[in-house]
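Dock chain B against the given chain A, drawing on the hints supplied.
Top to bottom, those sequences are chains A and B. Heads up: the first sequence is residues 1355 to 1807, going by the numbering used here. Heads up: the second sequence is residues 1355 to 1807, going by the numbering used here.
Certain hints may be false.
Reference listing, derived: stretches of chain A covered by chain B, where coverage requires no fewer than 3 residues with Cβ under 8 Å from a Cβ of chain B [said to hold, decoys possible]:
no.: 1; stretch: 1541 to 1555
no.: 2; stretch: 1613 to 1622
Here are the computed lysine-lysine pairs in the DSBU-like style, where the Cα-Cα straight-line distance is at most 35 Å [stated by the list, open to error]:
no.: 3; chain 1: B; residue 1: Lys1533; chain 2: A; residue 2: Lys1549
no.: 4; chain 1: B; residue 1: Lys1533; chain 2: A; residue 2: Lys1604
no.: 5; chain 1: B; residue 1: Lys1454; chain 2: B; residue 2: Lys1362
no.: 6; chain 1: A; residue 1: Lys1454; chain 2: A; residue 2: Lys1362
It is worth saying that the hints were derived from the structure and are not from the lab. Backbone N, C-alpha and C fix where the C-beta goes; we use that ideal spot for every residue, glycine too.
Protein chains: 2
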Amino acid sequence: MESNQTSKKAIVVGAGLVGSLWAVFLARRGYQVEVYERRSDMRAAGYTGGRSINLAMSERGWKAIEKAGIREKIEKVAIPMPGRMIHSVEGELSFQPYGKAGEAIYSVSRGGLNLELLSIAGSFPNVQFFFDHRCLDADLERPVLTFEDTGTGAVKTVEAPLVFAADGAFSAVRYAIQKTDRFNYNQFYLEHGYKELSIPPDANGRHRIDPSALHIWPRGNFMLIALPNADGSFTCTLFLPFEGEVSFEKLTGNDAVNAFFKKYFADALPHMPTLLDDFWGNPTSSLVTVKCAPWQWQNRILLIGDAAHAIVPFYGQGMNAGFEDCTILDAMHDELDGDWSRIIPQFARERQPDGDAIAELAQRNFIEMRDLVGDPQFLLRKKIAARLHERHPDFLPVYSMVTFSNTPYHVALEEDDAQNRLFERVLRLEDAEHNWDGVEEVFGQWLNGKLNS
Amino acid sequence: MESNQTSKKAIVVGAGLVGSLWAVFLARRGYQVEVYERRSDMRAAGYTGGRSINLAMSERGWKAIEKAGIREKIEKVAIPMPGRMIHSVEGELSFQPYGKAGEAIYSVSRGGLNLELLSIAGSFPNVQFFFDHRCLDADLERPVLTFEDTGTGAVKTVEAPLVFAADGAFSAVRYAIQKTDRFNYNQFYLEHGYKELSIPPDANGRHRIDPSALHIWPRGNFMLIALPNADGSFTCTLFLPFEGEVSFEKLTGNDAVNAFFKKYFADALPHMPTLLDDFWGNPTSSLVTVKCAPWQWQNRILLIGDAAHAIVPFYGQGMNAGFEDCTILDAMHDELDGDWSRIIPQFARERQPDGDAIAELAQRNFIEMRDLVGDPQFLLRKKIAARLHERHPDFLPVYSMVTFSNTPYHVALEEDDAQNRLFERVLRLEDAEHNWDGVEEVFGQWLNGKLNS
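If we strip away everything but chain A, and leave its shape as in the complex, we get (with noise of 0.2 Å):
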């Protein structure tokens, strides 16, 4: 069967980390694979642009990783990450497991492990890269995509039967298939921004606060995360809305800025000596979900990863979910024989819904961060689920089933919905926390399915 594949020849559009992921795929699998990626090469000139942004890797993560036969290099330069941090504003400190003991999250570098995915894949004789290749547009029609060559201006086209755009949020592939008719298509950016910040190491190279937890200041509206490197530094990100009262447009000045971590991250102000360059010398940056359907063009044309479904970061999947997508593309060309012309349209059908569910878990994970300490109603909750687990260990965390676990995204969205109807019966009633015999009996219903809409 593979074979008859070897003088086959796909495209992928984008050498980020979904990109030349899935070039590594298809090269095992004996494809012709021509990758075109609008950036230099960074295995030669080091990793610039793009999001420096941390990644928190997880279970789907690893699976493709392992696929790809890279587990054990990312796992050595992984930092574990088994629970939050949470910083109250007075500096208190809590720790909140992420799930059981031995589950973590694990802080990855984008650019290292980038430069890893684009070595194995530029290891196969038969994956050919095209740096400095911005993509302009596709003629569907044809097929042929058009690219410019960022160092000469000149303009090539490609021709192009069997195409994986995997050229992110700001897709120049999905562009073109959006003017066709019947395709759907949602942009929706937060009222937020976020900029990089860092926490250097100290001066014996080691890391200033904790390195085995994702550090949290939850501030209701607003929030700065951190999460470790390998070098003793953290980086850290702040999100805060762009206009209004407490927002990035206040923040004028030195003074302004100084004034706002010594107001809301006093612990963390300290550690920061960088703090005025970093935030002088990093954009302002936001933050965009895409939803789209199809997200194919004529059993030709496949989007993946953030082309097909950018999402903000706030639950730690884009990655996972765009590494998810090769996985699954690639048990489906063995059940479906390397028929592209079945497994594109199936790939678009069937995964469709789970990219559009962790766009949605994405977006609500946003409010349970900002308020992990604000509001009382919602750590009361946390308890009670915590205890709900001890008691019945088949009542799982929904944060568990998307991270520790394989379950599509979509089923996981559909428990968090009902895990929000019964936690709202749960929480009317009177001293809920104090109420066990009451929680239960509002559990038992739930569980019997009484509690639907």
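Just chain B now, with coordinates in the frame of chain A:
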């Protein structure tokens, strides 16, 4: 005030209904107006292309037409439709008035109206038309627009300090804005398509069925409608899913089409001698809703009409909404002293909720129209609503608010939500039709705001 505007240049992209009406408004204020239009000059070439589907002019449309000075001219060829004529499967007719006595919507030919608007715009010496000019792109920063002369193939750029993009649901200007940061955009297609058909005049040149109504053959998941024309014909539109049990894809040949009409539209079939020619000669078109925000770019480019808010045709409000954009913009010109740097952002901010609202109302009305006969609950609701309106004249049907008033669409949508809550409760009453005391009690609670959420 107006005198210092005379040298000011304004570009209008699109000479469809909204573009040519807006050119008239600008011309009257002394602007040097350049209008660019993809199609040929229909004043010379006759009306071609675009949708020929009839329009239902109502209050908002008339108000703008009157300001443009052509109300009387259009009234002469507009056919009043004071209500819907419902055709059951068995061929029974029932007439439902749209509003009070004297209230009607008016069937108007899209082509004829567009011609009138072009003629009056063209009568101003300060309006210059560029037909056969397709907008290819907008360079927002300079800012310039790029047009292709579709006759010669020549490409030219036009300086564009002040642009009104009235270039329709697939606006080229909007596609350019879509790629800028923090622009929210949503295009959504119904699963239904539509096809135009016709009922020609009878041998004596007269209407074959009652011309003083909008005819509807509601069939649950699909429907046929017919609007009268001044020449004795009707323009019919079949709305049907593209795929599925009963769908366009199932109508594969003459036999299938004939059988379908015989089964579902038996009383219309004898009046449609050109059915098969129409069916195979006319395209099956899709139905898109477009929502976006903000409707403007840096106080210099404004999206109006379908370019800002394309909606499905089921409320008969597409043109009316676009014309109301012109009325409102014109009023803001007075209010803000012709200062576009304030008019454009204010219009974009204040009018957008109305665009979103009429998009939502139009989608809801599709369900209403299709269910007109089939759903007894719906008919009961109609009956009770009419009686409530009789006894409480302040209780206005949402249809009247949208069609016979200038109440902002977002207020009408809120009222629709509120009335849905009311009738959800009313229809839960036992034997609601005859339990008038019960209805009045629920209505009283509703008025007091006790049925909120």
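Practice prompt. Could you tell me which of the hints above the structure violates, numbers in ascending order?
Written response: Numbers 2, 5 and 6, in rising order.
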